[in-house]
Amino acid sequence: MHKKNIGESVLENLLKLNALLSSVIIFAMVLFLIFSSLPVFSVVSPFDFVFGLDWSPNYDSYGIFPMIIGSFLVTVLALVFSIPLGVGCAIFLAELAPKKVQNILRPSIEILTAIPSVVYGFVGMVLLVPLIRDVFNTNPGYSWLAASIILGIMIVPTITVLSEDAINSVPSQLKEGSLAMGATRWQTIKKVILPASLSGILSGVILGMGRAIGETMAVLMVAGNWPLIPTSIFNPVRPLTSHIILNIKEAASGSPIYYAMFATGLVLFIMVLSLNLISQYINKKYKIKWD
Amino acid sequence: MKKYISVLIGAVFISLIVGFSGCMDSTNGSNDVEEIQQVNLKISGSTTVLPIAEEAAKQFMMANKNYMIEVTGGGSGLGVKESGENLNDIGMASREIKSSELDTYPELIAYGIAKDGVAIIVHPENPVSSLTQEQIIAIYSGKITNWNEVGGDDAPITVYTRDEESGTREVFFEKALNKGNITKQAVVVASNGAMKSSVKADVNGIGYLSIGYLDSSVKGCEYEGVIPTEANVVAGTYKVSRTLNVITNGEPSAEAKAFIDFLLSSEGQQIVVEEGYISVN
Chain G
9 MHKKNIGESV LENLLKLNAL LSSVIIFAMV LFLIFSSLPV FSVVSPFDFV FGLDWSPNYD
69 SYGIFPMIIG SFLVTVLALV FSIPLGVGCA IFLAELAPKK VQNILRPSIE ILTAIPSVVY
129 GFVGMVLLVP LIRDVFNTNP GYSWLAASII LGIMIVPTIT VLSEDAINSV PSQLKEGSLA
189 MGATRWQTIK KVILPASLSG ILSGVILGMG RAIGETMAVL MVAGNWPLIP TSIFNPVRPL
249 TSHIILNIKE AASGSPIYYA MFATGLVLFI MVLSLNLISQ YINKKYKIKW D
Chain A
7 MKKYISVLIG AVFISLIVGF SGCMDSTNGS NDVEEIQQVN LKISGSTTVL PIAEEAAKQF
67 MMANKNYMIE VTGGGSGLGV KESGENLNDI GMASREIKSS ELDTYPELIA YGIAKDGVAI
127 IVHPENPVSS LTQEQIIAIY SGKITNWNEV GGDDAPITVY TRDEESGTRE VFFEKALNKG
187 NITKQAVVVA SNGAMKSSVK ADVNGIGYLS IGYLDSSVKG CEYEGVIPTE ANVVAGTYKV
247 SRTLNVITNG EPSAEAKAFI DFLLSSEGQQ IVVEEGYISV N
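Going down the list, the protein sequences come from chains G and A.
First residue of the first sequence: 9, per the working numbering; consecutive thereafter.
First residue of the second sequence: 7, per the working numbering; consecutive thereafter.
Since the hints were derived computationally from the structure, they do not count as laboratory data.
Given the structure is predicted, the values throughout are model-derived calculations rather than measurements.
Think of the CB as a built atom: it goes at the ideal place given N, C-alpha and C, for glycine as much as any other residue.
It is possible that some hints are incorrect.
Claimed, not checked - Label pairs and their computed distance ranges (CB to CB):
hint, chain 1, residue 1, chain 2, residue 2, range
1, A, Asp267, G, Phe144, 54 to 64 Å
2, G, Pro92, A, Gly118, 52 to 62 Å
3, A, Met74, G, Glu20, 40 to 50 Å
4, A, Glu113, G, Tyr67, 26 to 36 Å
Said to hold, decoys possible - A short list of chain G residues far from chain A (calculated; beta carbon distances all over 10 Å):
hint, residue
5, Phe35
6, Pro92
7, Leu104
8, Ala122
9, Gln181
10, Leu236
11, Ser240
12, Ile253
Given the sequences, and given the hints that come with them, work out the whole structure.
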């Protein structure tokens with residue numbers, strides 16, 4: 009009995025240490041990000057940095073607003089494509105599909121997440137971009153639309169898997185009750201299952217959104233990367249992540265560009281953090297308590 | 007609980023074994039080379055120079071068993087920076103050292119080990135095959151937006167460029183554009199390879215890349231009447247060219263100098279040619 013307790017307390021402390029370590033790492037990274045981005049603000053004011061429309065480092069102009077808008081637009085359009093697809097897929101898998109179909113469909117959706125993003129990017133570059141160019145007769149084909157389609161495909165599995173979990177966790181009494189009252193299957197899905205699993209579905213969507221904002225490689229390869237606010241979905245855009253990767257590669261340490269990239273990273277971090285907070289809030293607000 | 011403890015003990019046991027075998031290996035290793043001094047060289051920087059340095063390091067280490075040369079990429083800017091801060095023994099840069107960099111690190115010395123040209127490329131089906139500097143500047147600044155203004159079909163021009171910090175862009179910007187403005191409405195791609203596949207897939211595209219990457223899938227345009235070939239770069243008639251450099255901070259150590267001498271020797275220059283670049287001799 010005594011021996012067991014020693015082992016237990018050792019393990020407990022080990023786990024405590026692990027938890028502590030990961031919070032320390034996150035905290036240290038945020039501090040590093042903040043301190044590494046401070047020097048750029050001696051060249052450009054924080055306001056001009058975030059809301060400046062012109063990015064020309066050669067002329068000491070460091071505005072990243074077009075990139076912030078770019079990230080936002082690409083993500084929103086990606087969600088327009090992926091929410092119906094992802095949630096529809098989840099409803100079908102959880103409620104309608106026969107066991108056999110489920111067994112084929114579920115792994116094939118999950119495998120979509122295992123494909124490296126550079127592969128999505130390359131396929132987008134050699135197939136999707138020329139297709140957009142030909143079908144819509146626009147130049148250059150590298151566009152907001154292309155980036156959103158690729159991103160949309162990439163986040164469908166995230167949304168599907170999480171929504172399916174949410175739907176499956178709706179107690180079967182609710183569903184059976186509804187069916188017993190004479191509701192059709194479709195009425196049950198629409199009026200009972202979807203509202204009951206809404207908070208889970210929404211957190212899935214927001215998690216997918218976070219992934220879309222943070223995705224770099226695939227977007228970089230198909231977005232065309234104009235540092236301008238797009239005026240149509242056929243214009244190229246440059247999201248924050250692409251902006252960082254385009255500039256950080258050969259930026260000499262100590263140069264304003266180098267610090268500007270850390271500041272861009274900080275902006276991105278704040279955006280993702282607020283998304284997470286929103287998701288927690290939504291989760292609480294729309295959580296329906298049963299039993 | 008018991009299960010966890012035994013797993014824990016098992017893990018400790020295994021790590022001890024691994025740890026000890028590591029120790030034994032290293033003692034054996036040091037016994038073998040006791041008479042000769044082990045030399046470690048770290049080389050980092052431009053990915054354009056990388057293939058030359060990697061192959062040269064391989065051959066040099068085979069000839070000199072006491073050398074341990076580590077070669078990594080990271081880009082020209084990184085190569086210069088790490089040389090200046092003594093984080094590597096030899097830096098690599100696909101461009102000259104900038105004056106701003108020399109201000110920070112005044113001791114840097116560059117050795118030209120190879121030459122490379124930057125070719126202006128269009129789609130093979132494009133009737134345009136020759137452009138003047140003036141036309142290039144007008145196209146890249148966004149003044150000319152249709153191919154018919156430079157003798158081609160009536161079609162909009164898609165301008166492709168590289169990221170702001172690319173060494174290839176730097177050469178193109180200085181030599182071909184004479185530091186002229188590059189329009190913001192240019193599609194930015196991240197590498198020589200991405201540039202080639204983009205122009206290959208776009209009938210209306212124009213871009214630029216290292217001559218080493220040029221093949222029949224895209225058309226290298228005449229610039230000021232000169233075809234972008236290695237021979238023309240060597241002869242000095244093709245102006246959009248650059249020297250690939252290795253860099254040391256101050257005079258190199260005897261060991262680093264031995265490797266740089268190897269790069270400049272006929273064997274080293276043979277490697278340069280085999281990797282698709284142009285010998286400095």
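Hints, verified against the model:
| no. | hint | verdict |
| --- | --- | --- |
| 1 | A:Asp267 - G:Phe144: 54 to 64 Å | holds (58 Å) |
| 2 | G:Pro92 - A:Gly118: 52 to 62 Å | holds (59 Å) |
| 3 | A:Met74 - G:Glu20: 40 to 50 Å | holds (45 Å) |
| 4 | A:Glu113 - G:Tyr67: 26 to 36 Å | holds (30 Å) |
| 5 | Phe35 | holds (27 Å) |
| 6 | Pro92 | holds (30 Å) |
| 7 | Leu104 | holds (40 Å) |
| 8 | Ala122 | holds (24 Å) |
| 9 | Gln181 | holds (37 Å) |
| 10 | Leu236 | violated (5 Å) |
| 11 | Ser240 | holds (13 Å) |
| 12 | Ile253 | violated (7 Å) |
In this structure, the earlier hints numbered 10, 12 are contradicted, and the remaining ones agree with it.
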